[in-house]
Amino acid sequence: MATWQIAVILVKIFLIVGLFQGAVAYMILLERKIAAWAQDRIGPNRCGPLGLLQPLADGAKMLLKEDVIPGYVNKPLYILAPAIAIVMATIGFAVVPFGPAGLDAPTVNGNPIHFQIAPNVDIGILYVFAIGSLAVYAVILGGYASNNKYSFLGGLRNSAQIISYEIPLGLSVLGMVMLARSLELNDVMSWQDRNGLGPIPAWGVFVQPLAFLIFLVSAFAETNRLPFDLAEAEQELVGGFHTEYSAMKFGMFFLGEYLHVITVSFLTVILFFGGWDAPFLGVEDTSWIAAVLKVGVIFFKVTLMVIFIMWIRWTLPRFRYDQLMNLAWKALIPLALLNLVVTMVLIQLFRGVG
Amino acid sequence: MLPNYGFIGLLLLAAVAFAVAPLVVVALVAPRKWSVEKGEAYECGVRTTGETWVRFRIQYYVYALLFLVFDIETIFLYPWAVSYLGLAEAGFGLFVLVEMVVFLVLLAVALVFAWAAGDLRWV
Amino acid sequence: MTLLDSRDLALIAAIVALGWVGIWLLLPHRHGGVKTARAYRVGALLSAIAVLLVLPYLTPPGDLLARLFFYSFSLLALLGAVLMITARNPVNSALWFAVVVLSSSGLFLLAGAQFLAAGTVIVYAGAIIVTFLFVIMLAQSHGQAIYDRSARRPLAASLTGMLLLGALISAIIAPGATRKDGDPAPIYSVGAIADQPPADGPIAAVTAQALTETSRLPRPLEQGETPAHVAGLGATLFTDHLLTVQVVGLLLFVALIGAVAIATPKAPIRPDRSTASSSPGSATTNPGGVS
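Protein chains in written order, with the working numbering: chain A, 1 to 354; chain B, 1001 to 1123; chain C, 2001 to 2291.
Treat the hints as calculated values from the structure; they're not laboratory data.
It is possible that part of the hints are untrue.
What the hints assert, rightly or not - So, partial list: chain B residues that the calculated Cβ filter (under 7 Å) puts toward chain C:
1) Y1042
2) W1080
3) V1096
Said to hold, decoys possible - In silico DSS-like cross-links for lysine-lysine, where the CA-CA straight-line distance does not exceed 27 Å:
4) K61(A) x K75(A)
5) K1033(B) x K33(A)
6) K2035(C) x K12(A)
7) K61(A) x K1038(B)
8) K33(A) x K65(A)
9) K61(A) x K33(A)
10) K1038(B) x K330(A)
11) K65(A) x K1038(B)
12) K75(A) x K65(A)
13) K75(A) x K1033(B)
14) K75(A) x K1038(B)
Unchecked claim - Covered by chain B, according to a simulated footprint, are these stretches of chain C (three or more residues, beta-carbon under 8 Å):
15) 2131-2138
16) 2240-2253
A quick note: this is a predicted structure, and the numbers were derived from the prediction, not measured.
C-beta atoms are modelled at their ideal positions from N, C-alpha and C, and glycine is treated no differently.
Could you build all of it, start to finish, from the sequences and the hints given here?
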């Protein structure tokens, strides 16, 4: 591997990690502003114009507060849990393209520059799910190590919720995988760009509408966002699995959750909204102007998705726990299986029985 | 192939650094004033009684087992989904379709069985 | 005919003996009693030597970086395994198991088996160990039980385990363990089946292939050849290994029925039901609390 390749990858890693940590800080501000708007309040407005310096103040507060570790916790696991949360949230992003990657990557002196940290990883989506299935450790360990009843029950609830919704999440993307014949996310994007009927693009949301709904609902549950935030139902369980966490360790759980929201938004946009696909952009444009436009389009769509997720929070009430489990096992999983069978039969019919 | 996973390894290093750095900074700058009350388990101000390990519903366990089975099923579906169109072009379309439908129906029957047995009811 | 030379035999015997004593010392006491710190230190030293002695039997991949990763993953997996067996707290045990699984996945990646690596992480680390943790929390209603703090038959168990390990190493390094050139080559792809003349039609071709032996080791990669991708794996799995896949489906079906059978909640026995029904006005509380 040449030196310049390592330089490029380091630049990508620092750009992405730094950008997303900054984005998370401003997402929290955005969330508070949206909350204020939904509740007819003003929201944070003391730090800088329009409260734009609020994230800095929040960050300083997290770092400067006393880091209390209660006396009865299992200390190694107690410290490990938030670290797992943030590490898994960060490395889950490795295979997610944030611009043109693979075939349509722009080139420098004939060498393609992929807008993806780890390009050409065959197992793409599967990698994201593998990392996602490891993220449940943070919840279980946080709940277990805190030695607190609220944490324990919150951790149990949350982990049962996460594993239940992993199944419909995994089943719902299979339709798009079947059509694109690849687990790589950039292949899924270029498939959506290359197909389609005239002006209507073959976005996942049109091709697989049921799968899109299942994916969206499961993704909300995976990120523990309202209406699925039963683990931290304040009225019952205080903070859920992170009741005993304070200062920066709490902040790390928080950061992990928002990074998760970003990853999920990227996945939704890539799988079901065409990623960088726009009417004026195609997979065959490999110029740098097209690449910049594609990055712009994908970030625009992701921003809309993030705002949608925050908006939902103030629109729907919280589920009851039995409703939550019933939704996963009695509605989403059977529907996902049905969607799968219908999709494969339709594919077989459209290409002629052979 | 290995370099691509090496990139993930580099990202992992960066992620670990991002997890450790704030803890180090906190250990250096944050004040530390220990008191007995701070060390207690939080229970809304009331002194905690009894064991933390309260008994919880066996349903969690049932769902974990169900999840296990369906997770393995999903893993089998991925290579199938990737190769489906290719196999169909090679003339095996109907064959692998029927094969997978049989595979899925078995699981669906099992799910219906669990449903009928009342395992999916949160009592 | 001797399969192994005396040097290998001596080394394997040393691994078995050192591992036996080391792990026996590291394991909890038979009746949950306390062991001295020196016993643990000696045990850790002996086990570490045994683990290091295993390393020469591993065949590392090509270049320096891959070799570095290979040895770190292997060491991590072996140490994780020792710690998993000897940990007192079952939760720690489960976490060390997760370390073993993750480092094995790293080894799979180095061998080019990406799908297997991801599948192992999802199924083992993401599902099986999570189920273990649930069960541990379910069972631990009163702190650590005596059966968690004691080992049942530490001496016999560690000897059996190490003997199995020795047998495994011998079997792997013994000559003749890998396929020879003269053996019939298994079929690896759909294309190869299509080239076969006799059977008429694709379905007959596949069933003919599926009924033959499907458990042969894959052939080694040729120079410059990339390993099969996920699509290739799917093609092989769902045509050549048709019966295997269906048997797996059946196995999962049986497993689910079994899980339902052992864990179906019975109607709760409430001793106070008669009194509660006799006085309908009294408020009924849920004794279990939130969960």
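To see whether the hints hold, each was checked on the structure:
About 16 Å separates the beta-carbon of Y1042(B) from the nearest beta-carbon of chain C, more than 7 Å, and the hint is not met. Taking 7 Å as the C-beta cut-off, the interface hint given for W1080(B) holds, the closest approach to chain C being about 5 Å. At its closest, the beta carbon of V1096(B) sits 5 Å from a beta carbon of chain C; the interface hint therefore holds under the 7 Å criterion. With a C-alpha separation of about 23 Å, the suggested pair K61(A) and K75(A) falls inside the 27 Å cut-off, and the hint holds.
As the CA atoms of K1033(B) and K33(A) are separated by approximately 34 Å, the hinted pair breaks the 27 Å bound. About 52 Å separates the Cα atoms of K2035(C) and K12(A), which puts this hinted pair outside 27 Å; it is violated. For the proposed pair K61(A) and K1038(B), the alpha carbon gap of about 19 Å is at most 27 Å, so the pair holds. The hinted pair formed by K33(A) and K65(A) meets the criterion: a straight-line CA distance of about 24 Å does not exceed 27 Å.
Between K61(A) and K33(A) the CA atoms are separated by roughly 19 Å; this keeps the pair inside 27 Å, and the hint holds. The suggested pairing of K1038(B) with K330(A) is violated, with an alpha-carbon distance near 44 Å, which exceeds 27 Å. A hinted pair counts as satisfied when its Cα atoms are at most 27 Å apart, and K65(A) with K1038(B) qualifies at roughly 14 Å. Restraint check for K75(A) and K65(A): satisfied, since their Cα atoms lie roughly 19 Å apart, inside the 27 Å limit.
Note on K75(A) and K1033(B): the hinted pairing holds, with a Cα-Cα distance of about 18 Å set against a maximum of 27 Å. Distance hint between K75(A) and K1038(B) is fulfilled; the C-alpha atoms sit about 15 Å from each other, no more than 27 Å. Proximity of the stretch 2131-2138 of chain C to chain B, defined as three or more residues with a beta carbon under 8 Å from a beta carbon of that chain, is established by the 5 residues found. As drawn, the stretch 2240-2253 of chain C meets chain B at 8 residues by the rule of a beta-carbon pair under 8 Å; at three or more, the given contact holds.
Hints 1, 5, 6 and 10 from the earlier list are contradicted by this structure; the remaining hints agree with it.
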